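J.: Listed below, chain by chain, are the residues.
2 protein chains.
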Amino acid sequence: MKLEEQKISQKILYEGKVITVLLCDAKLPNGHVALREVVHHSGGAAVLLVHDGKVLLERQFRFPYDKVIWEIPAGKLNKGEEPVAAAMRELEEETGFRTAELRHLVDIYPSPGYTDEVIYIYLAEDAESVGVRLDDDEFINAQFVELAEAERMIERGEINDAKTVAAIYKYLYSKKA
Amino acid sequence: MKLEEQKISQKILYEGKVITVLLCDAKLPNGHVALREVVHHSGGAAVLLVHDGKVLLERQFRFPYDKVIWEIPAGKLNKGEEPVAAAMRELEEETGFRTAELRHLVDIYPSPGYTDEVIYIYLAEDAESVGVRLDDDEFINAQFVELAEAERMIERGEINDAKTVAAIYKYLYSKKA
Chain A
89 MKLEEQKISQ
99 KILYEGKVIT
109 VLLCDAKLPN
119 GHVALREVVH
129 HSGGAAVLLV
139 HDGKVLLERQ
149 FRFPYDKVIW
159 EIPAGKLNKG
169 EEPVAAAMRE
179 LEEETGFRTA
189 ELRHLVDIYP
199 SPGYTDEVIY
209 IYLAEDAESV
219 GVRLDDDEFI
229 NAQFVELAEA
239 ERMIERGEIN
249 DAKTVAAIYK
259 YLYSKKA
Chain B
89 MKLEEQKISQ
99 KILYEGKVIT
109 VLLCDAKLPN
119 GHVALREVVH
129 HSGGAAVLLV
139 HDGKVLLERQ
149 FRFPYDKVIW
159 EIPAGKLNKG
169 EEPVAAAMRE
179 LEEETGFRTA
189 ELRHLVDIYP
199 SPGYTDEVIY
209 IYLAEDAESV
219 GVRLDDDEFI
229 NAQFVELAEA
239 ERMIERGEIN
249 DAKTVAAIYK
259 YLYSKKA
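Heads up: the protein sequence lines correspond to chains A and B, in order.
Numbered per this note's numbering, the first sequence spans residues 89 to 265.
Numbered per this note's numbering, the second sequence spans residues 89 to 265.
Please keep in mind that the hints were generated in silico from the structure rather than gathered at the bench.
All figures in this text were calculated on a predicted structure; none of them were measured in a lab.
A virtual CB, placed ideally from N, CA and C, is assigned to each residue, including glycine.
Take these hints with a grain of salt, some might be off.
Going by beta-carbon spacing under 8 Å, a handful of chain A positions derived as facing chain B [as the list claims (entries may be wrong)]: (1) 96; (2) 151; (3) 189; (4) 193; (5) 195; (6) 201; (7) 230; (8) 249; (9) 261.
Selected chain A positions facing chain B (in silico; Cβ < 10 Å) [as the list claims (entries may be wrong)]: (10) 110; (11) 172; (12) 200; (13) 245; (14) 253.
Generate coordinates for the entire structure from the input sequences, incorporating the hints supplied.
T.: Okay, here's the thing in structure tokens:
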């Protein structure tokens with residue numbers, strides 16, 4: 089079965105600080121034309137920092153869910169920034185930890201039906217504390233949680249963030265395998 | 089540290105078929121006001137179908153990435169539809185497999201910085217083929233892949249979909265634990 093679609097036209101509906109919203113017409117494999125709503129995002133970088141059987145987790149208010157949630161440290165790529173550089177920068181800014189080495193863990197597409205975001209996830213197993221440098225308008229609490237407890241928090245539905253769930257289970261599985 | 093933000097105002101920028109885009113003003117913990125761009129989505133339901141050491145994967149063109157990607161069967165919740173019902177419906181429509189029992193695996197927040205989507209993921213370990221019923225404008229290939237091969241596809245960067253990565257590693261870890 090032919091699966092590919094072709095872009096016929098594109099209109100920028102909104103250009104914001106985090107997202108750009110595009111409305112596109114796409115030609116389907118059967119020749120029909122369908123509307124495709126696309127949220128463009130510059131990409132994110134995240135770090136699973138594991139130290140002494142514990143993982144560094146942040147508590148951060150996330151407006152779309154109107155609540156504080158648990159996540160691994162992460163942030164948006166600056167224009168032209170390499171994902172690994174963004175991951176190191178965000179780790180240090182948000183948590184005060186600096187690492188000399190990041191290993192690639194996995195890249196994820198958060199919701200491919202409408203967003204083009206890629207979240208690049210790295211693993212750090214060695215880091216030193218150099219002091220937090222949060223932006224004026226950033227409010228984040230970071231703390232170490234035992235890996236086994238983090239896994240139970242996912243089981244209990246207390247951790248839902250996709251990059252965090254993917255990173256923790258990929259890491260746990262790699263240690264078991 | 090106080091983390092909570094308060095919504096001050098909300099404007100609907102766009103109401104589409106998959107997403108609604110909202111622009112909101114939020115009062116931060118320090119009293120500052122910041123713009124929050126929110127993509128509202130009705131939620132998704134997905135099924136990890138495992139049979140005889142194989143997992144059912146789909147190949148589907150995803151317009152935002154301009155390519156065909158691998159995913160577990162999934163779809164958008166209809167208005168008022170229970171996630172588990174949506175999961176059963178999408179599994180049968182897209183792959184032709186019907187299952188009597190779905191077990192809850194994990195719920196994920198794909199990208200909490202801007203979207204309020206929740207993806208509800210279920211596990212099916214027993215299913216029978218009843219024939220595919222794709223919509224006219226749906227183009228999806230489904231096939232069984234050995235779990236070990238699916239894991240290698242993630243390692244090689246050939247599977248990136250967040251729900252698929254989270255589901256496969258959570259399942260693999262549960263079998264190892």
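J.: All hints are to be evaluated individually against the structure, with a verdict given for each.
T.: Here is how each hint holds up against the structure:
1. 96: 11 Å, violated
2. 151: Holds - the Cβ of residue 151 of chain A comes within 8 Å of chain B, reaching about 4 Å at its closest.
3. 189: 19 Å, violated
4. 193: 10 Å, violated
5. 195: 6 Å, holds
6. 201: 6 Å, holds
7. 230: Interface hint status for residue 230 of chain A: violated (10 Å vs cutoff 8 Å).
8. 249: Nearest chain B Cβ about 5 Å off; hint holds.
9. 261: At 5 Å from the nearest chain B Cβ, residue 261 of chain A passes the 8 Å test, so the hint holds.
10. 110: Since the shortest Cβ distance to chain B is 9 Å, the answer is holds.
11. 172: Nearest chain B Cβ about 15 Å off; hint violated.
12. 200: The hint holds - residue 200 of chain A has a Cβ within 10 Å of chain B, the shortest such distance being about 4 Å.
13. 245: Holds: closest Cβ of chain B sits about 7 Å from residue 245 of chain A, inside 10 Å.
14. 253: 5 Å, holds
When each numbered hint is compared with the structure, violations occur for hints 1, 3, 4, 7 and 11.
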